[in-house]
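Number of protein chains: 4
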Amino acid sequence: MQQSGNEENFMQPLAYRNIDKHLPVLPPKGEIYDECGVFGLYKTDGDEELNGISITHDALLGLQHRGQESAGIAVNNNGEFSTVKDVGMVYSALSEKALEDLPDGKIVIGHVRYTPLNLLDSSGTQPLIIRYIYGALGICHNGALTNFKELKDKLEQGGAIFQSYSDAEMIAYIIAEQRLHAPSIEDAIIKTMHKLRGAYSLVVSSPNKLIAVRDPYGFRPLCLGKIGNSYCFASESCVFQSVGAEFIRDICPGEIVVVDSKGINSYFAYEQNAENKTSLCMFEYVYIARPDSVIDGISVYNARKRAGELLYLEHPVDADMVCGVPDSGLDAAQGYAAASKIPYGIAFIKNKYIARMVSMPQKEKKKRLLNTKLTALAANVKGKRIVIIDDSIVRGETSKHIVTLLKNAGAKEVHMRISSPPFLHACYFGVDVKNEDELIAKRMNTQQIAEYLGVDSLGYLSCESLNLIAQGAKVGFCDACFSGKYPLEIPKEIFVDKFSEKIRFTEK
Amino acid sequence: MQQSGNEENFMQPLAYRNIDKHLPVLPPKGEIYDECGVFGLYKTDGDEELNGISITHDALLGLQHRGQESAGIAVNNNGEFSTVKDVGMVYSALSEKALEDLPDGKIVIGHVRYTPLNLLDSSGTQPLIIRYIYGALGICHNGALTNFKELKDKLEQGGAIFQSYSDAEMIAYIIAEQRLHAPSIEDAIIKTMHKLRGAYSLVVSSPNKLIAVRDPYGFRPLCLGKIGNSYCFASESCVFQSVGAEFIRDICPGEIVVVDSKGINSYFAYEQNAENKTSLCMFEYVYIARPDSVIDGISVYNARKRAGELLYLEHPVDADMVCGVPDSGLDAAQGYAAASKIPYGIAFIKNKYIARMVSMPQKEKKKRLLNTKLTALAANVKGKRIVIIDDSIVRGETSKHIVTLLKNAGAKEVHMRISSPPFLHACYFGVDVKNEDELIAKRMNTQQIAEYLGVDSLGYLSCESLNLIAQGAKVGFCDACFSGKYPLEIPKEIFVDKFSEKIRFTEK
Amino acid sequence: MQQSGNEENFMQPLAYRNIDKHLPVLPPKGEIYDECGVFGLYKTDGDEELNGISITHDALLGLQHRGQESAGIAVNNNGEFSTVKDVGMVYSALSEKALEDLPDGKIVIGHVRYTPLNLLDSSGTQPLIIRYIYGALGICHNGALTNFKELKDKLEQGGAIFQSYSDAEMIAYIIAEQRLHAPSIEDAIIKTMHKLRGAYSLVVSSPNKLIAVRDPYGFRPLCLGKIGNSYCFASESCVFQSVGAEFIRDICPGEIVVVDSKGINSYFAYEQNAENKTSLCMFEYVYIARPDSVIDGISVYNARKRAGELLYLEHPVDADMVCGVPDSGLDAAQGYAAASKIPYGIAFIKNKYIARMVSMPQKEKKKRLLNTKLTALAANVKGKRIVIIDDSIVRGETSKHIVTLLKNAGAKEVHMRISSPPFLHACYFGVDVKNEDELIAKRMNTQQIAEYLGVDSLGYLSCESLNLIAQGAKVGFCDACFSGKYPLEIPKEIFVDKFSEKIRFTEK
Amino acid sequence: MQQSGNEENFMQPLAYRNIDKHLPVLPPKGEIYDECGVFGLYKTDGDEELNGISITHDALLGLQHRGQESAGIAVNNNGEFSTVKDVGMVYSALSEKALEDLPDGKIVIGHVRYTPLNLLDSSGTQPLIIRYIYGALGICHNGALTNFKELKDKLEQGGAIFQSYSDAEMIAYIIAEQRLHAPSIEDAIIKTMHKLRGAYSLVVSSPNKLIAVRDPYGFRPLCLGKIGNSYCFASESCVFQSVGAEFIRDICPGEIVVVDSKGINSYFAYEQNAENKTSLCMFEYVYIARPDSVIDGISVYNARKRAGELLYLEHPVDADMVCGVPDSGLDAAQGYAAASKIPYGIAFIKNKYIARMVSMPQKEKKKRLLNTKLTALAANVKGKRIVIIDDSIVRGETSKHIVTLLKNAGAKEVHMRISSPPFLHACYFGVDVKNEDELIAKRMNTQQIAEYLGVDSLGYLSCESLNLIAQGAKVGFCDACFSGKYPLEIPKEIFVDKFSEKIRFTEK
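Protein chains in written order, with our numbering: chain A, 1 to 508; chain B, 1 to 508; chain C, 1 to 508; chain D, 1 to 508.
Any given hint could turn out to be false.
To be verified - Straight-line C-alpha distance at most 30 Å; calculated DSSO-like pairs for lysine-lysine: (1) Lys226(A) with Lys350(B); (2) Lys97(A) with Lys365(C); (3) Lys341(B) with Lys412(A); (4) Lys350(D) with Lys365(D); (5) Lys474(D) with Lys412(C); (6) Lys442(B) with Lys485(B); (7) Lys382(A) with Lys350(B); (8) Lys407(C) with Lys341(D); (9) Lys407(B) with Lys382(B); (10) Lys382(D) with Lys442(D); (11) Lys209(A) with Lys474(A); (12) Lys352(C) with Lys352(D).
What the hints contain is simulated information worked out from the structure, not anything from laboratory work.
Turn these sequences into a full structure, and let the hints guide you.
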């Protein structure tokens, strides 16, 4: 790990550890990254035959789309934690041999991570296991704290040391601190929630309890399932089908749910939601979550299809075929096709096999990755007027490549439709946008983007329509990345801290 | 490698070598396996800047669906061959470091392999490089010889030894033998073609030439492309788009095409096709090839879509949604939807991330693989009458699982339609069917299969319709796996040789 | 890592991480283990061409005998730390690729570790890099704190969390705490030394300084060298020859030496040594250190040879050949031979190649390891009366095996001589003895041991003689493991903490 | 593998395959390389509990000094062969998991290889398993054929193809050919021996038999042992002690020993030794074999010690200490010390831990390897007149480094003594000398070498004395590398074939 020598600089890239040479170079999933998936299982007495490690492994596989940079599983056997975790995807980080060597335990928690800094770094792999005055804690976190710097400064002034400066390590510190004056772990976590600001969906294991926590805004999803008589928590409901669990319900914003030998209990950290305003991330519906998940009452697939329908209403066009960019544009394309009555069709073949690239200049490598990942289905494209649907445009490079593929394949017209509004603002709640300045919509208006991409027309979904796609959800939404309206104040320093130039530290 | 001690037994499983522990357990692609993909590039003078190794690597990535058990690249630098090959998929077998260490060369050939015996074995990895009286030869093969045993017996009676008993090794032996009495390598290969029976699409590199060969029946595809002024050969045209090549034409059945410093030349091994009967494998259109490939003049995507249309004509049904089993049923589903006017929709989400399974009994493992690989999209399935399209049913287990997923997701009716006829007969030309006895269609009639699967109705495409899906192709077809009509006689012993019980060898 | 859920239990085995499958099973070096080696280099301006990473790598290779369970290197480039570290030996943990990817920097520190718990665990690999209010710190530690539990309890009562509960993490915490009220890092370290009890030889890198620290007792060695105009610190002087450095001097007990851009400075944390009593570990001379090291003025080789001479004076015997058990008994055997005039000879061949054992019951595995590691040289042993010298007897099993080998090889008599006194007491200062109860000398007297081993006679060096082997050293000695006279009081709880039965933690 | 395109060129470097990145860079053992070790076990009925794979693994570990470039084990289970083999040392090539996956079998054979071309190449790893008209054969070979080219030319003219052009592949071809006209495998092997010229110690497994073969000159050692009621063969007797076997006797030159279910039988391929002249390689005694082996009746240790004694008689000197260069000079040093009455002492510490070098220019890397591998023990060297014994000088670079280390450590005088004559001639029987032109003794006389090395005196053992060191052996000797007297005629072409410039192949 590379760690900077100055507090202004703690979020700088945490660089290379002894990286497994067998890790393939992953083709970028896209240009926007979600951050982390969490899972936890508490095996109720009588369910001993459940293979908790297998279940957690399979759940992480089903959450892999939420984080491909590290994966980990921790087993809690009556207060003793055993962990397997490493950088890499599930198949690589969680080797069969290592999982076999794990002891069994009543509680198993798991995590997949995406780091905003895009470097393979083992120092922040989760589950994070710490020991403090009341024993051990295992923590899995999805989200992003906005008052990280403020918390850090205060802790450091008390002598704290950090080994990774991850949100999870910070949360562990706050829990340990609060636990000193709290009668129970539940109480300490409630006190902790009042200290934290920002997005956090947590799965925590104390020696005897499995605890799920969702921040009062409900930025990230978190839900409860049941396998036999045992309870489990997951970032997304899609995993329940894979592991044989039944979906019970979503964890509410501001709620903590505790499972232990006495059963399941729920607490709320706030009288009501602090400001009566919940704000689930709209981007979960648009892009991040798997279509077979249901979040806060709304099917992700249906939300995307609805986005496609609304997109047609806002930006109709006469064409021969509606296509989606695989995989993220396919669902909205179904909606656009249904609303427009234009036939839905396949324009692209996505190579599902992973690549490892021969060394070459970075730029050429990226181009090769795109070329080997996606090919146009000329036989179905040639001579047609195509409506091509994607979920978003970030820097515009990939979209431009897609348009070129269609044109080269003989498309007569290419009409691009985007199932979300222009992406204009940084996210501070757990979605990574590399650099606000690289956002094409910051630099160009829609007409200019259309010209840059070489499309015959371009249309984005409006913010108004976006807010309709998940109508009926049990929560409110955050659309700050599109609208700039942040549901809570963003400290000026958070940004400096995370993305500033490197500052050298000199001793006084 | 495990090698049997008796000539009756040479095709027995060639077992474990020092297997890379990092290899993930691959979820089975299906229950029918195609065998191998080939590629070759000859860099014409002036095209030195072409990175032949990168191009071949990317081409193999595009052919990965044709073989995931081993991958290899050989560079021929003025008669010196350097090879990187290993068991595993492209990303694992062809490491970045190893490819970087390869010298450059005018000729590069590559291969991905599927072995019918489903065991990781390094002894038969290709390209096979051999040295004989006229120097070295590199050989990449896709297909299966039917007179293997006859050729082997004869060679062994002359003192031959075999290190893998692969078709490629056999072909190398025959070329070496024929070359003794032939004035040129081209002539030796033509003589060799007259000795071989069965399916073979070859890319061969002699010290100074790159040679493509397609058997007189044209069982397997093989085509010619051009990058700059340089020529390349590939099993499927889909790779040309990825590597920046232009599709030129298919290699004809019985043709050999030779590229060397003097240019490109074509020869035919037979006056006419031996029996005026070419027989491209129909299963290439139905399942094996990538939809963005064009084989012998017909788009694979269009053939599949057409299969779906014909399937509707033969087996119409009243329903709410037409869905495909990902990925192989999606194209035919488009056709069925178009013909029936029933909306096309998405019923399944396929997890694209690869898994590694914690040890457990084999059966449970398979079930877990299915569960984590495919989930039903309940939001879109619930309450609907579903037409579900797949390309084939082999043993029926996977189909049964798919039907169960749909039912559990709330489908009101499930009508299964198969875009090919019942699979009834073994293939001897390069498609692997584990065991004829395991074919469900051998044991049950359609009604019984429908009951076994639990579907409301079941319909297969007829052989007559199948022969229409690629109408207009420049070749005839082999549909022996459906019809039992083999285009050439199958020696009785080939089967014994490959699938017989193990026989112990005792010295006399 | 396996981490226990209770503060009584923090030193329990930290179990499996994703262990590199390529790690060979290491044949046990012996039954007593030293703990860790440290190195640090500060490149003075003008010495830019020095390859600090290569030098540190080679130094760690030379310290490998001090720790084979993990290895790590950290580069400090103007306050930014980059680290490569992993479980395993130097060749395995520090891959060529990872080292190449490290940036260059003025300061490089390195560490090899042995953990007393004999489990491969990545959580405590060093260098430990932490960030605190004044930037980052890199810490490499050799030794053991005796007031660990006391410090831990106090810190936890202030809300501290621990991720590994290693001494290094504890020392980092104390430095961070002291730095809050200290004008400089040097001052903070001096204050820290007054908080720590026990053995610690540290190499610390602050953003701009390289600092070496030796506890006031001087339990573990630490010395200063010079390469060109640059300074380096190492656990043992033997590495200087390998890296082209000149030995300057030992760090004094209680001294801290600081190198920065202004040069090199020395400070003492105590007016005098606290109790005017220094206590370098005698076992460094007897077994741990490499014979080509010079510690506190005395050559390790000469000390061992002298031990052999004194051993003869105490336990003479009439014999045909004096032999050493490779490698640790060879030097003392030279001394015994010289003193006795009995010819020195070779009785054993040690296989230097490392093994990986096929799975089998643990006991049989150990026997096989011994069998493949050591063979008797029958041609030189047969018919002779042998004096066999070893450095110590711990459990007696290995010694018994050695005697058996000699007898089987035809030795007429076997006289065992041990170049140290009976090993009777646990060490709390950095040498690991598995379990005091397993010490054969605790359970049997010398006569009984001789009978158990099957030797014709057995003699140990006396404590009196032992204290003469390094006569003239600049420090006093600790011989507590032989004499039971600990140079400082051992808190009762340290032992409970580290070796107690596992205690489950239950929430109140 | 890199394979050349021309028959003149078949022995050119066979280059990189997908090399395991975890392989450490091996410090060169020296500058002369022996080639291969073989082992075989036949489990007699009743000895089923013997773990043949473990035994063979441990035996290969004991033969590791004979070859570190690849290792392999093959199990023959009633005619079915299963193999684990790969490039790398035993611990790396034979992974625990792979060995566990091997089936059990009556016959197990194993091999460690050194290739003269010093490149990691998997194509020639052994045991080589081939199938031919009479079933399968497993072959392990130690030696070198001198009529390889002649045999190859003839076979190729019959249409043979080669996949590695190793001696083992050639021997397999000849056996297969001879077997066509032989009533039994034994007879075929006897016929084969009459075709082969040069050095070969073979362990062969036919479906039901384990066969050991030693060429009529007996160039390489091969011996027979017994474990329980089962027989085993090994290159050196030293492994018997490790695997619990009893040494029975050496295989005689020209003998074949066959073990099968009926017992053990011996045959001789020649009436008498063809020319009544056996010629065991003297270099086995001088350097290659382990000192605890006994070859043809003579202890290797005793031979080396005797060499040291004779060396003193030929080149006495007045000095303070006699030292050996570890490890190969230690035994002769014992002899020199005994004869001269000068005390034997330790001058060097050899670091037994393996290294992996950070990339740097090759030359600097070699220097670093030497520096980290060997350090002078200054405390024992300073001010002394040293006699330093080594087994041979090849290029002189390592010797020069050793002398420099001694001088830097303060040696007053350095007298080098070499326990063999000047190395002047290439070996064609299995010992690799990189390049005759690089032999320092070819270019300089002894006085010049002494000056180049910077020693005060230099003395070699004479050929006459050399022939006395193994006096009483049951065989004659080959000392051609010293004397130039080759026991059989060396075809001119063998050398051209193996070391000639690369020749490009152009098709006619």
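For each hint, the structure was consulted:
| no. | hint | result |
| --- | --- | --- |
| 1 | Lys226(A) with Lys350(B) | 23 Å, holds |
| 2 | Lys97(A) with Lys365(C) | 20 Å, holds |
| 3 | Lys341(B) with Lys412(A) | 25 Å, holds |
| 4 | Lys350(D) with Lys365(D) | 18 Å, holds |
| 5 | Lys474(D) with Lys412(C) | 28 Å, holds |
| 6 | Lys442(B) with Lys485(B) | 16 Å, holds |
| 7 | Lys382(A) with Lys350(B) | 28 Å, holds |
| 8 | Lys407(C) with Lys341(D) | 29 Å, holds |
| 9 | Lys407(B) with Lys382(B) | 9 Å, holds |
| 10 | Lys382(D) with Lys442(D) | 34 Å, violated |
| 11 | Lys209(A) with Lys474(A) | 28 Å, holds |
| 12 | Lys352(C) with Lys352(D) | 7 Å, holds |
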